[in-house]
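If you want the building blocks of each chain, they are given just below.
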Amino acid sequence: MNQSRAWLTACAIALCLAVMAVAGCNRKPAASSSPFPASNQVAGWTKSGEIRTFEAADLWKYIDGEAERYLKAGVQRVATADYKFQNKVDAVVDIYTIGTADGAAKILDSEPAGDAKSVPLGDAARLYGQSLVFRKGPALVRIVAYQESAETPQAMLDLGQNIADRLSR
Amino acid sequence: MNRGNTSRRDFLKKCVTGAAVLGAAGKAWPEQGMRAESRPLLRAAEQTVPLGKSRVVIARDAMLRGTTTTVDSGRVLSLLDRAMQSLFNVDHPAEPWKKLVRPGDTVGLKVNTLGGRGLSTNVQLVEAVCERLQEIGIKAQDIIIWDRETDEMDRVGFHTSTADNRVQCFGTDRIGYEDELSTFGKVGSRLSKILTQRTNVMINLPILKDHEGAGVTIAMKNMYGVIHNPNKCHPDGCNPYVADVNMLPAVRSKMRITICDATTACYEGGPGFKPQYSWQENALMVSQDPVALDYIGWQIIEKKRAEKKLKTLEAAGRPPRYIATAADANHQLGTNDPRRIELIELSA
Chain A
1 MNQSRAWLTA CAIALCLAVM AVAGCNRKPA ASSSPFPASN QVAGWTKSGE
51 IRTFEAADLW KYIDGEAERY LKAGVQRVAT ADYKFQNKVD AVVDIYTIGT
101 ADGAAKILDS EPAGDAKSVP LGDAARLYGQ SLVFRKGPAL VRIVAYQESA
151 ETPQAMLDLG QNIADRLSR
Chain B
1 MNRGNTSRRD FLKKCVTGAA VLGAAGKAWP EQGMRAESRP LLRAAEQTVP
51 LGKSRVVIAR DAMLRGTTTT VDSGRVLSLL DRAMQSLFNV DHPAEPWKKL
101 VRPGDTVGLK VNTLGGRGLS TNVQLVEAVC ERLQEIGIKA QDIIIWDRET
151 DEMDRVGFHT STADNRVQCF GTDRIGYEDE LSTFGKVGSR LSKILTQRTN
201 VMINLPILKD HEGAGVTIAM KNMYGVIHNP NKCHPDGCNP YVADVNMLPA
251 VRSKMRITIC DATTACYEGG PGFKPQYSWQ ENALMVSQDP VALDYIGWQI
301 IEKKRAEKKL KTLEAAGRPP RYIATAADAN HQLGTNDPRR IELIELSA
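Protein chains in written order, with my numbering: chain A, 1 to 169; chain B, 1 to 348.
With the rest of the complex left out, here is chain A (with noise of 0.2 Å):
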């Protein structure tokens, strides 16, 4: 009896570490659920702050003044963190997160779009000298530099692009 049992526990024990071994070959690296590139994710990004996040009631205290606009819109909260391109240029990044992509566009389609460059990303995005603001899905994402720099606008493009693509996930 005692024989038995300890072999249907061996039994029960090697398949679980079979079951185990198995998933463990098919699980794919953790991809990150964050939007926001970790440092070196993008070529000369890095990181340079934590992620703060201000919900719909709170924001206010990152925006007040254009916070009721972003409400109308229906915003439910915006993430914010600090970058550094090649230790030369800061800069940071917003992403708002709008109940709809229609908010996320009435959002954009509120600023004046002044000298922007339209570039192919995300759903619609402007470029400019020193800034980046794009939206995807319910998403807007600004991306603001604070040095000007010939390689500022591409920078950001790479930055924004990686960004695009984490929101798709």
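Warning: the hint list may mix true and false statements.
As the list claims (entries may be wrong) - If you anchor each label on the Cβ, the simulated ranges turn out as follows:
1) B:G188 - A:Q41: 44 to 54 Å
2) A:K117 - B:R102: 51 to 61 Å
3) A:E50 - B:D328: 39 to 49 Å
4) B:E180 - A:D109: 38 to 48 Å
5) A:I51 - B:G52: 49 to 59 Å
For the record, the hints were derived by calculation from the structure and aren't laboratory data.
Each residue gets a CB set at the ideal place from its N, CA and C atoms; glycine is no exception.
Once you have looked at the hints, place chain B on chain A.
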């Protein structure tokens, strides 16, 4: 940061470094006592402008940044001196400050850091003000650089300082708001204890900015940073809320002067920093009449909007109506009548 010379660097170290924990250097000031004490100074300062006219000085320096992207400390100090001397019609850089404060005063420098890097009060300008205040006998520890949140200040270069014998630098979050509401008109707010308990004089150091709700945010709107509930004061284009906040007794009685940092300004998309809608005005605007200063600042923003072929703020549905409200019979915070504003423009 581009700093002038060794002595200015030493000064910066003295001012903007220090322990990150709030010390016990602060003093409590009973509000009634402060008001009585401050009145003679305020009257003396008001007498320096022609009767019936409010003087606004705009001083510009096209070379304020040299060949860099940041403003030069030495040139900012020089620009501040020219603006202040012109406002008070005096020859020596120290003289204007003697008309505003006296040794023993605790002076709050209310900066604006909400816009983040790129569109906040420049550290170099605040250093220059601290330098002049100390030259006329204000102790370093009697100067408090402040805004709403310490973290916001830190992000734009105002590093926490609470050590003894240093200029103090921290946000209201460190000591909180009064428990009691202060009220005027439609405003009922708890005031920052930095304003009510730690300082008896306020120098306002705002930014020249477009504002999505209010139309513009310059001198008076910067006082939203002294109350606990600015989010409740945005309906109807912030009118009459901006005027009402400036009528709160502690705000009105302690305000001495506005020194507006218009080195980088914003004509659209404010109050947050959006480089595509910002420009380098390389100017300081100074006045003891916040309404007149706001009126002139509004005109500068309108001029830039016209250059960029944008609608006027009126046509865009957001004229800054609170400026007229602040000048009305119920408020009398200053004048918005251009005939009663003496505008002096200086260029380097």
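Taking the hints in turn, this is what the structure says about them:
In this structure the hint that B:G188 and A:Q41 lie 44 to 54 Å apart at CB holds, the actual value being about 48 Å. Between A:K117 and B:R102 the beta carbon distance is about 56 Å. The supplied range of 51 to 61 Å therefore holds. At about 46 Å, the CB distance of A:E50 to B:D328 agrees with the hint of 39 to 49 Å. A C-beta distance of roughly 44 Å is found between B:E180 and A:D109, which places it inside the suggested range of 38 to 48 Å.
At about 55 Å, the beta-carbon gap between A:I51 and B:G52 stays in the expected band of 49 to 59 Å.
The structure is consistent with each of the numbered hints, conforming to all of them.
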